[in-house]
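This is what each chain is made of:
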Amino acid sequence: MSDENLLEVDRLITSFETEKGLLRAVDQVSFSIPYGKTVGIVGESGCGKSVTAMSIMRLLPQPSGKVLGGEIHFKGEDLLHATDKRMRQVRGGEIGVIFQEPMSALNPVHRIGRQVAEVFRLHTKMSKKEAWDAATEMLALLRIPAPEKRMMDYPHHLSGGMRQRVVIALALACRPDLVIADEPTTALDVTVQAQILDLLNGFQAERNMSLMLITHDLGVIAETCDEVVVMYAGRVVESAPVKELFANPLHAYTQALLRSIPKLDTEPKSVLPTIPGTVAGLAEYTHGCRFCQRMGRKSVATRERPVFKEVQPGHKVEICKECCDL
Amino acid sequence: MLEATDLRVHFPVRSGVFLRQTGAVKAVDGVSLQLGVGETLGLVGESGCGKSTLGKALVRLLKPTSGTIHFEGRDISHLGQGALRPLRRDFQMIFQDPSESLDARMNVRSLVEEPFRIHKLGNRAERRKWVDDLLDTVGLAAASAERHPFEFSGGQRQRIGIARALALKPKWLVCDEPVSALDVSVQSQILNLLVDLQKEFDLSYLFIAHDLSVVKHISDRVAVMYLGKIVELADSETIYRNPKHAYTKALLSAVPIADPTIKREKILLEGDVPSPIDPPEGSAFGHRINHARYQETIDMDLGLREIEPGHWVAADPCCLDANDWAAISKIS
Chain A
1 MSDENLLEVD RLITSFETEK GLLRAVDQVS FSIPYGKTVG IVGESGCGKS VTAMSIMRLL
61 PQPSGKVLGG EIHFKGEDLL HATDKRMRQV RGGEIGVIFQ EPMSALNPVH RIGRQVAEVF
121 RLHTKMSKKE AWDAATEMLA LLRIPAPEKR MMDYPHHLSG GMRQRVVIAL ALACRPDLVI
181 ADEPTTALDV TVQAQILDLL NGFQAERNMS LMLITHDLGV IAETCDEVVV MYAGRVVESA
241 PVKELFANPL HAYTQALLRS IPKLDTEPKS VLPTIPGTVA GLAEYTHGCR FCQRMGRKSV
301 ATRERPVFKE VQPGHKVEIC KECCDL
Chain B
1 MLEATDLRVH FPVRSGVFLR QTGAVKAVDG VSLQLGVGET LGLVGESGCG KSTLGKALVR
61 LLKPTSGTIH FEGRDISHLG QGALRPLRRD FQMIFQDPSE SLDARMNVRS LVEEPFRIHK
121 LGNRAERRKW VDDLLDTVGL AAASAERHPF EFSGGQRQRI GIARALALKP KWLVCDEPVS
181 ALDVSVQSQI LNLLVDLQKE FDLSYLFIAH DLSVVKHISD RVAVMYLGKI VELADSETIY
241 RNPKHAYTKA LLSAVPIADP TIKREKILLE GDVPSPIDPP EGSAFGHRIN HARYQETIDM
301 DLGLREIEPG HWVAADPCCL DANDWAAISK IS
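Protein chains in written order, with this note's numbering: chain A, 1 to 326; chain B, 1 to 332.
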């Protein structure tokens, strides 16, 4: 474990017990998050982004989800073997989490104030009064207008953007070292998304916090992340610093993903490059390169699992003869 | 082909024991627009601005409160359900979430066949052939006809939705966020399909979306909506290169660009879209940004003016540059 990294995930395997047998939703995923940096995890739905986050937080659906292998180190501590009591301290205390849909993260029958103050009561030794004041201050820091009044509101009184601010307040309350944000702005309008990302960036710079940002929006990645991890079908196919990845994508999947988004300067109504086929079900995968499988290639070279290795300083890619031009 | 004039859709707000009407949600508040044959009109705006309501009113899934909709010269705004039925063949709608708009218990064949059955078209053999042709048109394998919606991915389900909408050979379609629930790689497949279908059948689209790069890609002209009103309307190149209205500028600057080498100043808007129940009396956007000239706008006509050929913008001193406002004042 290097000293620069706050979180290191090494060959993580997470499986789900299903009718079709044990399915590997996350298949030997490795990445690390340095102190004070934002790492983006990008990929299509079902690629294992969220399951990776859930594995780190030990929030996998029980009893079907299980971590079967690999290691997770957070500030040098082995999280996979930590006690449940320790994990409760870590969650909300040292690692904050922001989910996509704020309404499902908030309890609809309790006032905002009670929910935010609860975090302080759980993780610090504050009195009720102190926790309430700290919560009000937290809402003010997130630029929620009239925080004293909002403390008395119920979640349904607030707009989507305001609710997401409350969820961020919950996540940031105890000054965590790491915030895991799972599609934090996907349900919001672009204007509100810009406000929320601006807030998160501000907090990060001020507190030297690390951020793991899960998203499918490459625009958000380009504007907010320092490093990017590209996932496909439960595996990391490429990871690199953000400028390097956009300027010099090595894996065919990353290249295809970057090409397929319409840009503000592309010719209107021109044919957009697409990725043929769709993501297969997890049960259908073999050991070989999974993107080759999507492209319908059957060559022998792809039957063995491609190696994930560093090809340039900081730039790692899954080495597959068909998918990488090295 | 389609022309809406001063269209309004208000929903009553009722409260109290006797459910007396105490107010109205002015979801669409005085919108005029035209749609030509083979044209795509993009409609953008934040959630709650009335985009979807406008779309539904134009295909007459909702009854407009006032204003007129002319389709091929005929006023359809106040026709009853019976009179509308034969016309329904000409305009269709594609919804955002294909899994919610498809009946899970029907197989693909009966789903796509349903429009023919409702309009009593063809015999069994003919309908069978039409369905196979439609599935082929939208790029689904013939074998999928006997399967059920849950067996398909999101992109394929959207193709089924498109096949249903195309069944009766409509002249124009409202596409309400058709790609926002899809992954980027699938999104581009569906966008390509929509463009191809438009060329093949000379379709017109009203394309509603919140993703501005998608709207720019597919539209000939773009209308920007704010709180029930259109505030700017121009061809899509112009609106992206030379936006006049402050709201359009803010909306465009908020779109994240997938290029880490570009660093732009963002125009961050405070707050959310105000409630359409009790909208500000003057310029709605001027009120949001707390503009110094807001008070003046209360008694003003803030309607659209043609600032340059084909480029319409609301005549609103709060939302225009000094030069543009001077130009606009000369027109009015």
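Take these hints with a grain of salt, some might be off.
As the list claims (entries may be wrong) - Incomplete in silico selection of chain B near chain A, CB under 7 Å:
hint	residue
1	His10
2	Asn123
3	Leu269
To be verified - Quick list of in silico lysine to any residue cross-link-like pairs, SDA-like style, CA-CA up to 25 Å:
hint	chain 1	residue 1	chain 2	residue 2
4	B	Lys199	B	Gly36
5	B	Lys171	B	Asn242
6	A	Lys263	B	Ala125
7	A	Lys269	B	Arg105
8	A	Lys316	A	Ser32
9	A	Lys128	A	Met152
10	A	Lys125	A	Glu137
11	A	Lys20	B	Asn242
12	A	Lys75	A	His315
13	A	Lys75	A	Arg175
14	B	Lys266	A	Leu199
15	A	Lys316	A	Leu199
16	B	Lys266	A	Met152
17	B	Lys56	B	Lys266
18	A	Lys263	B	Leu197
19	B	Lys266	A	Asn201
20	A	Lys149	B	Leu197
21	A	Lys125	A	Leu141
22	A	Lys263	B	Arg105
23	B	Lys263	A	Arg143
24	B	Lys249	A	Asp265
25	A	Lys75	A	Leu59
26	B	Lys263	A	Val311
27	A	Lys75	A	Asp265
28	A	Lys269	B	Arg74
29	A	Lys20	A	Pro34
Keep in mind the hints are simulated off the structure, nothing from the lab. The beta carbon of each residue, even a glycine, is placed where N, CA and C say it ideally should be.
Do the hints match the structure? See the list:
no.	hint	verdict
1	His10	violated (21 Å)
2	Asn123	violated (35 Å)
3	Leu269	holds (5 Å)
4	B:Lys199 / B:Gly36	holds (14 Å)
5	B:Lys171 / B:Asn242	violated (31 Å)
6	A:Lys263 / B:Ala125	violated (45 Å)
7	A:Lys269 / B:Arg105	violated (36 Å)
8	A:Lys316 / A:Ser32	holds (12 Å)
9	A:Lys128 / A:Met152	holds (15 Å)
10	A:Lys125 / A:Glu137	holds (17 Å)
11	A:Lys20 / B:Asn242	violated (55 Å)
12	A:Lys75 / A:His315	holds (23 Å)
13	A:Lys75 / A:Arg175	holds (15 Å)
14	B:Lys266 / A:Leu199	holds (13 Å)
15	A:Lys316 / A:Leu199	violated (30 Å)
16	B:Lys266 / A:Met152	violated (32 Å)
17	B:Lys56 / B:Lys266	violated (33 Å)
18	A:Lys263 / B:Leu197	holds (22 Å)
19	B:Lys266 / A:Asn201	holds (13 Å)
20	A:Lys149 / B:Leu197	violated (52 Å)
21	A:Lys125 / A:Leu141	holds (21 Å)
22	A:Lys263 / B:Arg105	violated (39 Å)
23	B:Lys263 / A:Arg143	holds (24 Å)
24	B:Lys249 / A:Asp265	holds (16 Å)
25	A:Lys75 / A:Leu59	holds (19 Å)
26	B:Lys263 / A:Val311	violated (28 Å)
27	A:Lys75 / A:Asp265	violated (43 Å)
28	A:Lys269 / B:Arg74	violated (30 Å)
29	A:Lys20 / A:Pro34	violated (38 Å)
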